[in-house]
Amino acid sequence: MSARKNTAMHTRRMLALLPYLKQGSTLKLSDLAASVGATVAEVAADLTALSYCGVPPFTPDEMIDLAIDDDTVTVYVAPPALDRPVRLAPREARALVAALEAAGYAADDPLVGKLLSAASAELDPAELAATLRAGDASAPVAGIYALLAEAIESGTKVRIGYFSAGSGVHSERVICPYALANERGAWYVNAHCESAGEVRTFRLDRIRDAENTGEHFERPAAVSASITPGGEGLPLAVLRLSPVARHTEERDWPGAAFNMKENGAVFAEVPYSSATWVARRVAAGLGTIDAIETEEVRAAVREVAQGALGQLGCPES
Amino acid sequence: MSDPGERLVNLALFLAKTPRFVSAEELRAERLGYPDDQDDAAFLRMFERDKEALRAAGIAIEVDEYESYRIDRAGTFATAVTLSAEETATVRTAVAALATDEAFPFAEDLTIALAKLGQGAPAPVAVATALADEDPRAQGSSAAVAAEGIAARKLLTFDYTNARGESRLHEVAPYGIFFREGRWYLAGLDTSIGEIRVYALKRAERVRMNPLQPKTPDFERPDWFAVADYSLHPFQYGAEPFEAVVRFSAEDAWRAPRLAGGTGEIEVQPDGTALWRVQAADARGLAAWCVEHGPGVVPLEPQAVVDTFRMGLQEVLARHER
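Chains as they are written, first to last, in the working numbering: chain H, -10 to 306; chain V, -13 to 308.
Warning: the hint list may mix true and false statements.
[Stated by the list, open to error] Calculated cross-link-like contacts (lysine-lysine; reagent style BS3-like; alpha-carbon spacing at most 30 Å):
{"no.": "1", "chain 1": "V", "residue 1": "Lys188", "chain 2": "H", "residue 2": "Lys11"}
{"no.": "2", "chain 1": "H", "residue 1": "Lys146", "chain 2": "H", "residue 2": "Lys103"}
{"no.": "3", "chain 1": "V", "residue 1": "Lys188", "chain 2": "H", "residue 2": "Lys250"}
{"no.": "4", "chain 1": "V", "residue 1": "Lys3", "chain 2": "V", "residue 2": "Lys37"}
{"no.": "5", "chain 1": "H", "residue 1": "Lys11", "chain 2": "H", "residue 2": "Lys103"}
{"no.": "6", "chain 1": "H", "residue 1": "Lys103", "chain 2": "V", "residue 2": "Lys188"}
{"no.": "7", "chain 1": "H", "residue 1": "Lys17", "chain 2": "V", "residue 2": "Lys3"}
{"no.": "8", "chain 1": "V", "residue 1": "Lys188", "chain 2": "V", "residue 2": "Lys201"}
{"no.": "9", "chain 1": "V", "residue 1": "Lys37", "chain 2": "V", "residue 2": "Lys201"}
{"no.": "10", "chain 1": "V", "residue 1": "Lys37", "chain 2": "H", "residue 2": "Lys103"}
{"no.": "11", "chain 1": "V", "residue 1": "Lys37", "chain 2": "H", "residue 2": "Lys11"}
Everything labelled a hint here was simulated from the structure, so no lab data went into it.
Let the sequences and hints guide you as you build the complete structure.
Now the structure itself:
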């Protein structure tokens, strides 16, 4: 970060910290640091600088008086003004709208409107909608996201209707949601599934509906927000991707090794926990991707293709 | 005084504490931190920058007919926001997590926004975001510059390597940015060809904004431009658009709006199935999309897509015989 940018953030943080400094309060530096998105060292520097600030005639009662002691700060004289939050600047409002969009909230969602009307007067929502789209449009899951986020905080079980892309099956499950994760714009929840008896990852846009059961659960001490399965111990599918195939990038096949080439074709070794997931992508290649191994995946490819042809009302082969 | 932040905070506090309009000279005389040995011109330049900085921080400064200043209190202070438990949880998890995601181009502004809303404290739940898996920092940084160019209406230049591996310098009037499946894209008018193009920012290097006359726009964005029109499904890119119909089975009809992502029109039929009428431009791409998002998703029209779907799957079966 440039020196000028550092100074600008330092100033913005100092101004944002002012409403937190209530007379007589003792605050943890780590909490303040988290509140303004800074390190403890940065927030300590911000507070030190604030202790030199005030209004004329800069007598002790007109200056911010605080003392930093190890990991806390005690406020003896509060700021003489600006003791309540100021509105969001347009660029801050833009950041908030973009973040909410990334969480699945459309720009015209009531939550976005509520936050902006209270916090920002200057943002032109129409201008922003015309120029910025930070959310993945294929995942309008705001309501489900909000319900799961609250259930995680309150430790309550949730009943979901779920479509598994791996098996192609719709099911009802009760889950204990542990953590949320976003990967490439799609939201997932890591949860203990009572039906499966183990921790599973559910993609939010495949949750048909969700309902808080009101029943509480104990969250394990160690909770992971990672959704990337370990590749160790998983069977390997060997695929041949023709030069005209789609899905030929490593990001399309998580954990895959692309290490062989022959006549322009790429061979990929793909670790898999669901043969049907691999098979569906192979079938979507419409003849440009071959599953060489395993026989389990080849059988799944046949099943996916036959099923799709059947749904079209075609002879299956 | 060595810390410009202290001078700006002093200025903000003084303006907030003083109800009347105050001239620049009075402010200078209050010893808020402006150097004593500064000449008038240098002071006025610094004062202009300070006003801009305070406005950028959300402090509304009014000016009267005598070029004196005071804080617009209604425009400066936020009103209280009451959020439900679910809304609070949303802001504390997703939004707070994005503030530390390198691929999110507005992370710094977001941290300040959360601090102002009093929602910046760490969420008591595990949440992680990884918006981009390819060069997240570079994509986030390029998207941030592009967003600045869009807001200021300044031209951007960047080196771009297309899918065929060809690289050249582009000059673009940036109209909008969008995020899709882990990548940031820029839509804008390429000045060398006079057409709107979409650029994957992961393929752009050294994205920079025209530094000349920063307060004077270089271009006007057309009124009709909407970035959503450029955030397309893969099968919607192509030279010859056509209308297609995709059928979702009754069991899968609820997935139609999720997968359509706001494009086209969805009609639920009396038998519970859903028909999605959507503009497409790539028959093979649409057929592949239907297979990938199945079961329960098949093309109905046009016949070319149905044929591609059927023949492609028959080819798949032939290549995977026992």
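| message | Under the constraints set out in the numbered hints, which ones does this structure not fulfil? | response | 1, 6
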